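One gets the numbering used here by counting positions in the sequence shown from 1 and adding 15 to each.
One thing to keep in mind: the hints can contain errors.
Claimed, not checked - Heads up, simulated DMTMM-like pairs for lysine to aspartate or glutamate below, C-alpha to C-alpha not over 25 Å straight-line:
(1) K213 / E37
(2) K380 / D231
(3) K380 / E37
(4) K102 / D65
(5) K362 / E381
(6) K362 / D305
(7) K377 / E283
(8) K166 / D231
(9) K213 / D231
(10) K166 / E297
(11) K362 / E302
(12) K287 / E302
(13) K362 / E291
(14) K102 / E187
(15) K213 / D352
(16) K166 / E147
(17) K261 / D231
(18) K81 / D65
(19) K28 / E128
(20) K357 / E283
(21) K213 / E238
What the hints assert, rightly or not - Restraint ranges, calculated between C-beta atoms of paired labels, are given here:
(22) N148 / R120: 23 to 29 Å
(23) Y346 / E140: 33 to 39 Å
(24) L50 / T211: 18 to 24 Å
FYI, nobody ran anything at the bench for these hints, they're computed from the structure. Computed from a predicted structure; not experimentally measured. The beta carbon of each residue, even a glycine, is placed where N, CA and C say it ideally should be.
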Amino acid sequence: MAGAEKKNITKSKILTYIINHEATSKVELYKNLNLSMPTVLSNVNELLADKIVMETGAYESTGGRKAKRISMNPAYRYAVGIGITAKHVGFVLVNLRYEIEKYERIFLEFSPETSYYLQLRKELERFLADMENPGRILGIGISIPGIINAKERMLIKSHALQLENYSLTFLEQIFSLPVYFENDANAAMMAENQNTYKNALYLSLNSTLGGAFCIDGKLVSGENQKAGEFGHMILVPGGKRCYCGKQGCADAYCAAKVLTDETGQSLEQFMKRVGEKEREAEQIWQEYLDKLAILISNLRMAYDMDIILGGEVGGYLANAMLTLGEKVMAYNGFDHDARYLKICAYKREASAVGAAKYFLQKFIKEM
Numbered sequence: 016m017a018g019a020e021k022k023n024i025t026k027s028k029i030l031t032y033i034i035n036h037e038a039t040s041k042v043e044l045y046k047n048l049n050l051s052m053p054t055v056l057s058n059v060n061e062l063l064a065d066k067i068v069m070e071t072g073a074y075e076s077t078g079g080r081k082a083k084r085i086s087m088n089p090a091y092r093y094a095v096g097i098g099i100t101a102k103h104v105g106f107v108l109v110n111l112r113y114e115i116e117k118y119e120r121i122f123l124e125f126s127p128e129t130s131y132y133l134q135l136r137k138e139l140e141r142f143l144a145d146m147e148n149p150g151r152i153l154g155i156g157i158s159i160p161g162i163i164n165a166k167e168r169m170l171i172k173s174h175a176l177q178l179e180n181y182s183l184t185f186l187e188q189i190f191s192l193p194v195y196f197e198n199d200a201n202a203a204m205m206a207e208n209q210n211t212y213k214n215a216l217y218l219s220l221n222s223t224l225g226g227a228f229c230i231d232g233k234l235v236s237g238e239n240q241k242a243g244e245f246g247h248m249i250l251v252p253g254g255k256r257c258y259c260g261k262q263g264c265a266d267a268y269c270a271a272k273v274l275t276d277e278t279g280q281s282l283e284q285f286m287k288r289v290g291e292k293e294r295e296a297e298q299i300w301q302e303y304l305d306k307l308a309i310l311i312s313n314l315r316m317a318y319d320m321d322i323i324l325g326g327e328v329g330g331y332l333a334n335a336m337l338t339l340g341e342k343v344m345a346y347n348g349f350d351h352d353a354r355y356l357k358i359c360a361y362k363r364e365a366s367a368v369g370a371a372k373y374f375l376q377k378f379i380k381e382m
């Protein structure tokens with residue numbers, strides 16, 4: 016391995032560690048990354064000089080010289096995430112520490128017409144209008160519900176957007192920055208900390224139900240990019256009709272629209288009613304959790320890994336984890352508890368965040 020390449024890998028390794036820790040020190044990097052102290056010192060000093068990382072105070076003294084706290088400079092680079100759905104668009108501005116600096120969700124009904132793309136660009140320009148250093152934006156990650164061939168810039172199929180074999184090149188061309196496309200559930204999985212979840216499954220409980228999973232820290236997309244289509248597993252044979260045309264799909268019972276379409280309310284309004292113990296809302300919620308528990312139990316049996324609950328509903332599940340865990344355990348006699356159930360890291364626009372992280376991680380890797 017060439018010296019320059021080896022140095023870049025070392026620097027990327029150090030940066031990745033700093034990103035995943037609120038603060039660290041040179042001594043901690045030396046101990047935890049199995050690097051020599053001269054290597055740590057030279058790389059950290061370069062990163063400080065380039066203002067990619069910064070010193071943020073000092074640790075308590077243990078008798079000797081106080082160790083300086085080192086943190087990522089979050090404003091060094093940014094990436095934009097756009098989450099496209101059938102009815103809405105979510106925008107996020109994500110910094111180099113993977114924090115959402117700005118977020119907005121607007122009503123914008125999808126259309127394959129030029130007018131939609133022009134409106135999308137106009138809304139993004141408005142969203143970024145107050146940004147001081149737009150030149151620090153690395154690129155735009157776009158999440159879309161459907162099967163995507165990112166290399167060919169092709170949306171192979173999207174039930175939610177009612178498209179098939181649709182070229183995404185025009186959508187890419189309306190922006191002046193590099194663009195990356197990803198399936199919405201895959202992108203949501205990418206938003207999670209891959210060091211925490213080397214092997215995990217992500218259940219995306221949005222207006223449509225999707226999923227993704229990673230093994231050894233890498234997304235598994237399947238031979239035809241269809242892995243993780245958990246929404247179209249049959250949950251109730253002969254049950255409710257799904258938008259895909261089949262009956263009894265998990266999507267018809269566990270997608271967020273089950274809680275909104277049947278009540279004519281937003282998810283926020285519905286969950287407020289649940290919090291206020293309204294009888295009708297509570298009954299719908301418990302029935303929803305019953306079906307979700309069956310789906311979770313089946314997925315746990317098949318994959319035997321952590322299951323991250325995300326999407327719009329995932330953001331509201333923190334207070335229901337005990338109840339949900341009990342329901343899951345009633346279907347699963349192989350696990351002694353449900354600690355494998357996890358709440359998503361990003362409660363809002365996780366798919367947009369994951370798509371944006373593509374550029375930030377690429378930047379770190381290529382340092």
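Right, here's what the structure says about each hint:
no.: 1; hint: K213 / E37; verdict: holds, 20 Å
no.: 2; hint: K380 / D231; verdict: holds, 18 Å
no.: 3; hint: K380 / E37; verdict: holds, 19 Å
no.: 4; hint: K102 / D65; verdict: violated, 42 Å
no.: 5; hint: K362 / E381; verdict: violated, 29 Å
no.: 6; hint: K362 / D305; verdict: holds, 22 Å
no.: 7; hint: K377 / E283; verdict: violated, 35 Å
no.: 8; hint: K166 / D231; verdict: holds, 23 Å
no.: 9; hint: K213 / D231; verdict: holds, 5 Å
no.: 10; hint: K166 / E297; verdict: violated, 45 Å
no.: 11; hint: K362 / E302; verdict: holds, 23 Å
no.: 12; hint: K287 / E302; verdict: holds, 17 Å
no.: 13; hint: K362 / E291; verdict: holds, 21 Å
no.: 14; hint: K102 / E187; verdict: holds, 20 Å
no.: 15; hint: K213 / D352; verdict: holds, 21 Å
no.: 16; hint: K166 / E147; verdict: violated, 32 Å
no.: 17; hint: K261 / D231; verdict: violated, 33 Å
no.: 18; hint: K81 / D65; verdict: holds, 23 Å
no.: 19; hint: K28 / E128; verdict: violated, 44 Å
no.: 20; hint: K357 / E283; verdict: holds, 21 Å
no.: 21; hint: K213 / E238; verdict: holds, 21 Å
no.: 22; hint: N148 / R120: 23 to 29 Å; verdict: holds, 24 Å
no.: 23; hint: Y346 / E140: 33 to 39 Å; verdict: violated, 49 Å
no.: 24; hint: L50 / T211: 18 to 24 Å; verdict: holds, 22 Å
Of the numbered hints listed earlier, those contradicted by the structure are 4, 5, 7, 10, 16, 17, 19, 23.
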